[in-house]
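Student: Each chain, written out:
There are 2 protein chains.
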Amino acid sequence: MQNRQLVLASRPVGVPQPEHFELVETTLPSLGEGEFLVENIYLSVDPAQRGYVNDEDNYAPPVAIGEVMRAMAVGRIIDSRHNDYAVGDYLYGWFGWQEYCICQPTAVLRKVDPAQAPLSFGAGLLGINGLTAWLALEDIGKLKSGETVLITAAAGAVGSIAGQLAKQAGCRTVAVTSSDDKGKQCVEEFGFDTWINYQNPLETELQRACPDGIDVFFDNVAGSIGDAIYGHMNFFGRVIQCGTVSIASWKPVPQGPRKERDILTRRLRVEGFVIFDHLARYDHAAQQLANLWTAGSLLYHEDIVDGIESAPQALVEVYAGRNRGKKLVRLRNEDSTSI
Amino acid sequence: MQNRQLVLASRPVGVPQPEHFELVETTLPSLGEGEFLVENIYLSVDPAQRGYVNDEDNYAPPVAIGEVMRAMAVGRIIDSRHNDYAVGDYLYGWFGWQEYCICQPTAVLRKVDPAQAPLSFGAGLLGINGLTAWLALEDIGKLKSGETVLITAAAGAVGSIAGQLAKQAGCRTVAVTSSDDKGKQCVEEFGFDTWINYQNPLETELQRACPDGIDVFFDNVAGSIGDAIYGHMNFFGRVIQCGTVSIASWKPVPQGPRKERDILTRRLRVEGFVIFDHLARYDHAAQQLANLWTAGSLLYHEDIVDGIESAPQALVEVYAGRNRGKKLVRLRNEDSTSI
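So the protein lines, in turn, are chains A and B. Quick note on the numbering used here: the first sequence kicks off at 2 and runs consecutively. Quick note on the numbering used here: the second sequence kicks off at 2 and runs consecutively.
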């Protein structure tokens, strides 16, 4: 059986471009004992993937040259030699940018129940994006009704969900976006109270948008936008450091204004949040998110392209801020899996 | 009745020098209803005092020109028109760099029990220094036996206590100091496992001193020393931002390497700690500290100078790192109060 895979062809500095990947065709080996074969249906495209291929200090060693691109995906088991993983089960996990993945249980993040929500949601709203929004707000945000929550990359897959959850918690929500279009989308669709286009003078915009200061800063971007925001944090504010997408490279580490004094005098709590630390709570959080969506209380957008060959360009689009919702690559129709 | 007071004569940039203060003699007004008169015995000299006089964003508005220098002190009530505050009571509070202070209850931090420990301890070990060490470790440090705790300004009033508490919690303790002398004192007297003189190449020193990385960074200094330390923080490490004494001025805000990536990928929790937020727990923590000292389990040094006119130079000494223990200015013998 043949497998098409996107492998890393050369190591990028900064955002990987299509030329850093090569589409190769390989023959799938047979399953070993305890393994199962996943046919990928939706490949996830995530800002974190830049970090997977850059040669920088990170969560895990970088993807090796010639290795399949690290990625999450939703797929279906089409063969199995593991008693807990049955043919027909839908899974979400580290299945890579490829058509098929021979897996062991450690690759699995969650079993996906297609009755809970559309299957693709398993890679976004009920995958790391929604789970990140939910669990980061619960663990670090600790929202109180009436507080102001400011979110960067607010129109993105995590930000748009976090904004809606914060609004439902009774908070004033402020979106920071890269364009007026996205800002309007945040207010009109995701219910943010106001938005800031970060291309405009930030100081004036922050004063207008956050007259009572900021209690929770949900930061997906880092860099100079965050710098301006620290100056508006309220005493005992919480900063969720969830991403650093505005910084193209951390080698060498870029300079910025020191934050120690703001952290001290304003008694801020700044904390890094990585969703993979919280596996045990995924199903609980996913159920809450699915319930909200089913009740019509949560809007969720997807931006889906077709065909494995589209994945590298899809990642470029994410970094350029041109996606409108969770970026996914669809490899096949859900009802046409090859069992 | 005459009162000698150190008032702010001009506004310093950075560390206040003796010429920024003026010793004046004023006549004490009579007590109003609900007020009481404190005769100061020990004036506290603290790194935070720079922040009280600099025209910078801070905990509170700066001391005005002509106003008595903001400071904590231990004193004794010698006159009272308040039912809860009796003549003879010892107090610790915001009594200023002056001989006498007409107070209302809001100025009081703690009643001091002279039977618990030497009276001067009320301004240090059982005052903000010991209380900071105790409560910051409890709230943010959350020490686990076997962890590595690194403390900057480790020979100082807070650091030397924090190091001993961390050691008693079963942690490996690493002192960062400005000299070998202070480093040796940390190991030989305060029981640190090892020390780093920050004048030496920090990277090499950190590798030697922290072979298993750092779990808790108790930071009293900020700046470039802290920058190097972040690179050695373990996953889920905690950073207690307790002071920023190495930064002479925050106007303009100095630049430094960005920490967002370390905070995110290492899942750090960085939190500002200000002791004045925790008034309700002072007595409990002070009792624990007094018990440890009485049992001989806690070493505490004081560096006492005499006479109110010594206070400005004492503050200079603190910033120059020349004090050996908690710096205090003694105004009178404890048994010679003027009742």
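Please note: incorrect hints may appear among the correct ones.
The list cannot tell twin chains apart, which means a pair is met if one copy fits it or any two copies do.
[Stated by the list, open to error] Here are the simulated lysine to any residue pairs, SDA-like style, with alpha carbons at most 20 angstroms apart:
1) 252 <-> 266
2) 112 <-> 144
3) 112 <-> 25
4) 168 <-> 16
5) 168 <-> 326
6) 252 <-> 232
7) 112 <-> 82
8) 168 <-> 302
9) 168 <-> 185
10) 143 <-> 237
11) 252 <-> 318
12) 145 <-> 185
13) 143 <-> 198
14) 252 <-> 229
15) 112 <-> 88
16) 112 <-> 228
17) 168 <-> 119
18) 185 <-> 80
19) 252 <-> 204
20) 252 <-> 192
21) 252 <-> 105
22) 112 <-> 315
23) 112 <-> 322
24) 168 <-> 18
Hints were generated in silico from the structure; no laboratory data involved.
Student: Could you tell me which of the numbered hints above are not met by this structure, giving the numbers in increasing order?
Tutor: The structure conflicts with hints 2, 3, 4, 11, 12, 13, 16, 17, 18, 20, 21, 22, 23 and 24, although it agrees with all the remaining ones.
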